[in-house]
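Engineer: Chains as they are written, first to last, in the working numbering: chain B, 1 to 120; chain Y, 1 to 120; chain V, 1 to 149; chain W, 1 to 149.
Source of the hints: derived by calculation from the structure; they are not laboratory data. Please note that a few of the clues may not be correct.
Unchecked claim - Subject to a maximum C-alpha distance of 27 Å in a straight line, what follows is the list of computed DSSO-like cross-link-like pairs (lysine-lysine):
no., chain 1, residue 1, chain 2, residue 2
1, B, 21, Y, 90
2, V, 25, B, 6
3, W, 25, Y, 6
4, B, 55, W, 79
5, V, 25, B, 55
6, B, 90, V, 79
7, Y, 21, V, 25
8, Y, 21, W, 25
9, Y, 90, B, 6
10, B, 55, V, 81
11, W, 79, Y, 90
12, B, 21, V, 99
13, W, 25, B, 21
14, W, 79, W, 25
15, B, 6, Y, 21
16, V, 79, B, 78
17, Y, 6, V, 79
To be verified - Coverage of chain W stretches by chain Y, computed from C-beta distances (three or more under 8 Å per stretch; other residues unrestricted):
no., stretch
18, 18 to 24
19, 33 to 45
20, 68 to 76
21, 117 to 124
Unchecked claim - To give a feel for the contact side, a few chain V residues facing chain B, derived at Cβ under 8 Å:
no., residue
22, 21
23, 119
24, 133
25, 135
26, 139
Virtual Cβ for every residue (Gly too), placed ideally from N, Cα, C.
The chain contents come next:
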Amino acid sequence: MTEDLKVAVQRRGDAAILYTKGYINNLGGEEIANRAYELMDDGVRMLLLNLRETKIVNSIGISILIEVIEKMAERDGKIAFCCLTPVIQKTFQIMGLAQYAQIFTDEENAVRELNLTASA
Amino acid sequence: MTEDLKVAVQRRGDAAILYTKGYINNLGGEEIANRAYELMDDGVRMLLLNLRETKIVNSIGISILIEVIEKMAERDGKIAFCCLTPVIQKTFQIMGLAQYAQIFTDEENAVRELNLTASA
Amino acid sequence: MTEAVERQMELTLPMIEDIEIAVVKTASDLARELGMSGDQIDEIAHAVVEACINAREHACCDDQRIYLRFAGTSSDEGKPKLEIWVTDHGRGFDPETAKAHRQHRSPGSPRKRGWGLQIMEAHMDRVDIESGPSGTTIHMVKYGERRER
Amino acid sequence: MTEAVERQMELTLPMIEDIEIAVVKTASDLARELGMSGDQIDEIAHAVVEACINAREHACCDDQRIYLRFAGTSSDEGKPKLEIWVTDHGRGFDPETAKAHRQHRSPGSPRKRGWGLQIMEAHMDRVDIESGPSGTTIHMVKYGERRER
Ligand SMILES: Nc1ncnc2c1ncn2[C@@H]1O[C@H](COP(=O)(O)OP(=O)(O)O)[C@@H](O)[C@H]1O
Ligand SMILES: Nc1ncnc2c1ncn2[C@@H]1O[C@H](COP(=O)(O)OP(=O)(O)O)[C@@H](O)[C@H]1O
Numbered sequence: 001m002t003e004d005l006k007v008a009v010q011r012r013g014d015a016a017i018l019y020t021k022g023y024i025n026n027l028g029g030e031e032i033a034n035r036a037y038e039l040m041d042d043g044v045r046m047l048l049l050n051l052r053e054t055k056i057v058n059s060i061g062i063s064i065l066i067e068v069i070e071k072m073a074e075r076d077g078k079i080a081f082c083c084l085t086p087v088i089q090k091t092f093q094i095m096g097l098a099q100y101a102q103i104f105t106d107e108e109n110a111v112r113e114l115n116l117t118a119s120a
Numbered sequence: 001m002t003e004d005l006k007v008a009v010q011r012r013g014d015a016a017i018l019y020t021k022g023y024i025n026n027l028g029g030e031e032i033a034n035r036a037y038e039l040m041d042d043g044v045r046m047l048l049l050n051l052r053e054t055k056i057v058n059s060i061g062i063s064i065l066i067e068v069i070e071k072m073a074e075r076d077g078k079i080a081f082c083c084l085t086p087v088i089q090k091t092f093q094i095m096g097l098a099q100y101a102q103i104f105t106d107e108e109n110a111v112r113e114l115n116l117t118a119s120a
Numbered sequence: 001m002t003e004a005v006e007r008q009m010e011l012t013l014p015m016i017e018d019i020e021i022a023v024v025k026t027a028s029d030l031a032r033e034l035g036m037s038g039d040q041i042d043e044i045a046h047a048v049v050e051a052c053i054n055a056r057e058h059a060c061c062d063d064q065r066i067y068l069r070f071a072g073t074s075s076d077e078g079k080p081k082l083e084i085w086v087t088d089h090g091r092g093f094d095p096e097t098a099k100a101h102r103q104h105r106s107p108g109s110p111r112k113r114g115w116g117l118q119i120m121e122a123h124m125d126r127v128d129i130e131s132g133p134s135g136t137t138i139h140m141v142k143y144g145e146r147r148e149r
Numbered sequence: 001m002t003e004a005v006e007r008q009m010e011l012t013l014p015m016i017e018d019i020e021i022a023v024v025k026t027a028s029d030l031a032r033e034l035g036m037s038g039d040q041i042d043e044i045a046h047a048v049v050e051a052c053i054n055a056r057e058h059a060c061c062d063d064q065r066i067y068l069r070f071a072g073t074s075s076d077e078g079k080p081k082l083e084i085w086v087t088d089h090g091r092g093f094d095p096e097t098a099k100a101h102r103q104h105r106s107p108g109s110p111r112k113r114g115w116g117l118q119i120m121e122a123h124m125d126r127v128d129i130e131s132g133p134s135g136t137t138i139h140m141v142k143y144g145e146r147r148e149r
């Protein structure tokens with residue numbers, strides 16, 4: 001029952017990886033959004049969300065992530081995801097999120113494909 | 001319902017202040033104990049637990065804190081508390097914890113009385 | 001030969017934030033006992049979450065409770081099956097209208113809300129809605145894989 | 001003149017980790033509606049937590065549920081009053097034996113467990129235990145302060 005979302009950030013030059021742990025509900029979505037907006041204000045234009053430790057999401061939380069993707073697109077930036085459980089990936093597909101953001105199976109692939117520079 | 005305990009530590013020389021946020025149940029108590037034991041292994045002999053952001057505790061969590069107090073006493077160290085809600089303070093009294101650990105109303109008082117040196 | 005398993009559970013929960021986590025936990029435990037796979041358990045979890053947040057967000061009722069019923073069966077003969085009823089005593093809604101106004105993937109402007117029912121349907125094998133002025137019941141069914149031996 | 005308030009609530013909750021937080025939330029909302037003070041609400045919260053963790057830890061029953069009943073009243077005439085029943089269908093226990101083995105503050109060796117019943121009694125105005133082979137009910141009563149006007 002204790003499922004407070006925890007967020008950790010790893011900055012990599014102009015990019016960043018954001019790690020989530022726990023339930024992405026409305027509060028969790030807002031927590032991610034706030035961290036993402038801070039990073040965007042700080043110049044980050046490539047943000048990888050690693051959801052490895054998130055096992056459950058709801059449609060309100062994901063709709064907030066869609067807003068973040070839109071805000072990032074407005075600034076010519078990009079958001080990508082990795083390490084989704086099959087069911088979260090399916091939920092992303094239902095909600096059309098898979099159209100606006102790249103989804104990678106693991107972080108290694110994402111880092112290579114997105115050309116994320118080493119930790120700055 | 002999301003009440004995962006969060007712990008933050010501020011090291012002050014040979015002393016430390018540990019801030020808790022959330023419900024101190026068995027898991028919360030163990031989280032505090034683990035952090036306290038790390039600090040003790042690292043030489044800390046004076047530990048102030050600031051429970052300002054904890055509004056609820058249970059008897060299992062508190063019994064774990066009693067163990068921590070005992071372990072610290074074995075090493076000739078001391079644990080103190082501050083910023084308890086009146087009801088948590090009452091619970092500490094019922095469980096006899098108030099006999100083995102000093103309790104301060106606020107951090108300022110605790111820092112002065114315990115002579116906690118500035119952040120190292 | 002494995003035993004036939006039958007599970008029934010009824011709960012009455014307060015409509016408070018994150019109460020769906022308690023429902024997920026209960027549903028997952030049941031589904032696991034019935035021998036469902038991890039992904040199936042996850043799908044059930046995501047469906048009940050949406051049913052519960054709809055009850056909490058849209059029911060708008062004085063009776064601040066969500067009524068859950070679970071019925072599961074599993075045997076050598078057939079696939080394991082878990083049925084879940086999520087009921088509120090709220091104001092109800094017209095499922096047809098809600099479905100007509102449902103959001104679609106419109107490139108460039110994914111809409112903010114309106115995905116709950118679609119998520120339930122995508123993750124479950126059957127979803128029926130009974131709704132009227134005295135409340136709503138979402139009835140969902142999930143079949144597992146036939147057990148291997 | 002303030003209105004008389006009467007509140008009733010029954011819940012059936014799964015015996016899962018931290019479910020007591022849902023009970024605390026429900027009890028706190030009720031107590032607040034009855035006009036109890038912040039400290040009184042906190043005392044009720046700490047008492048129901050202990051009752052719930054005892055049910056979860058000690059009941060050892062197949063029926064993995066906790067049954068809650070709340071009844072609150074508040075009026076100009078008297079003090080607000082909140083009654084809470086916490087029931088499990090577990091194996092029961094003998095309260096007299098449990099109380100006899102209760103831990104005391106023994107200097108130098110505070111014991112690990114055995115504080116739950118004492119905490120309930122210290123925080124509530126009345127605690128009655130009914131327990132037998134088919135389960136346990138803890139009945140607790142808390143009176144608030146008479147409302148100031
Ligand atoms: N339990 C309910 N009680 C009343 N109305 C509901 C309920 N569940 C769903 N609805 C109505 O159906 C609509 C569609 O629901 P849904 O697909 O879950 O999307 P969302 O909840 O994001 O709006 C809701 O906006 C609401 O008007
Ligand atoms: N709901 C219950 N069902 C069965 N036994 C119980 C229940 N509640 C309490 N007990 C018994 O009473 C004892 C004392 O309870 P308590 O004072 O809360 O201390 P603790 O739970 O820390 O042991 C427990 O150890 C247990 O044996």
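Engineer: The structure should be examined with respect to each hint, and the outcome stated for every one.
Structural biologist: Checked hints:
Restraint check for residue 21 of chain B and residue 90 of chain Y: not satisfied, since their Cα atoms lie roughly 35 Å apart, outside the 27 Å limit. Pair hint residue 25 of chain V plus residue 6 of chain B holds up; C-alpha atoms about 20 Å apart against a cutoff of 27 Å. Taking the CA atoms of residue 25 of chain W and residue 6 of chain Y, the gap is about 20 Å. The hint holds against a cut of 27 Å. Taking the CA atoms of residue 55 of chain B and residue 79 of chain W, the gap is near 47 Å; set against the 27 Å cutoff, the hint is violated.
With a C-alpha separation of about 12 Å, the suggested pair residue 25 of chain V and residue 55 of chain B falls inside the 27 Å cut-off, and the hint holds. Annotation: proposed proximity of residue 90 of chain B to residue 79 of chain V holds, straight-line Cα distance about 23 Å (limit 27 Å). For the proposed pair residue 21 of chain Y and residue 25 of chain V, the alpha carbon gap of about 24 Å is at most 27 Å, so the pair holds. A threshold of 27 Å between alpha carbons decides the hint, and for residue 21 of chain Y with residue 25 of chain W the separation of about 17 Å falls inside it, so the pair holds.
The straight-line distance between the Cα atoms of residue 90 of chain Y and residue 6 of chain B is roughly 32 Å, outside the 27 Å bound, and the hint therefore fails. Taken as a hint, the residue 55 of chain B and residue 81 of chain V pair is honoured in the structure, with Cα atoms around 23 Å apart against an allowance of 27 Å. Simply put, residue 79 of chain W and residue 90 of chain Y have alpha-carbon atoms about 23 Å apart, close enough for the 27 Å limit, and the pair holds. Under the criterion of a C-alpha separation no larger than 27 Å, the hint pairing residue 21 of chain B with residue 99 of chain V is inconsistent with the structure, at around 33 Å.
Using a Cα cut-off of 27 Å, the hinted pair residue 25 of chain W and residue 21 of chain B holds, with the two alpha carbons roughly 24 Å apart. At most 27 Å may separate the alpha-carbon atoms for a hinted pair to count; residue 79 of chain W and residue 25 of chain W meet this at roughly 22 Å. Restraint check for residue 6 of chain B and residue 21 of chain Y: the C-alpha separation of about 14 Å stays at or below 27 Å, so the hint holds. Restraint check for residue 79 of chain V and residue 78 of chain B: the C-alpha separation of about 43 Å exceeds 27 Å, so the hint is violated.
The suggested pairing of residue 6 of chain Y with residue 79 of chain V is violated, with an alpha-carbon distance near 43 Å, which exceeds 27 Å. Counting residues of the stretch 18 to 24 of chain W whose CB lies closer than 8 Å to any CB of chain Y gives 5, so the stated coverage by that chain holds, three being the minimum. Residues of the stretch 33 to 45 of chain W lying with their CB closer than 8 Å to a CB of chain Y number 4, which satisfies the three-residue condition for coverage. Only residues whose C-beta sits within less than 8 Å of a C-beta in chain Y count toward coverage, and the stretch 68 to 76 of chain W has 0 of them, not enough to reach three; the restraint is violated.
Beta-carbon proximity to chain Y at under 8 Å applies to 4 residues in the stretch 117 to 124 of chain W; the threshold of 3 is reached and the given coverage holds. Because the closest C-beta pair between residue 21 of chain V and chain B is about 5 Å apart, less than 8 Å, the hint holds. Evaluation of the residue 119 of chain V hint against chain B yields a held restraint, the C-beta minimum of about 6 Å falling below 8 Å. Evaluation of the residue 133 of chain V hint against chain B yields a violated restraint, the C-beta minimum of about 26 Å exceeding 8 Å.
Annotation: interface hint on residue 135 of chain V violated; nearest CB of chain B at approximately 22 Å, more than 8 Å. Contact between residue 139 of chain V and chain B, as hinted, is not supported at the beta carbon level, the nearest pair being about 20 Å apart and thus beyond 8 Å.
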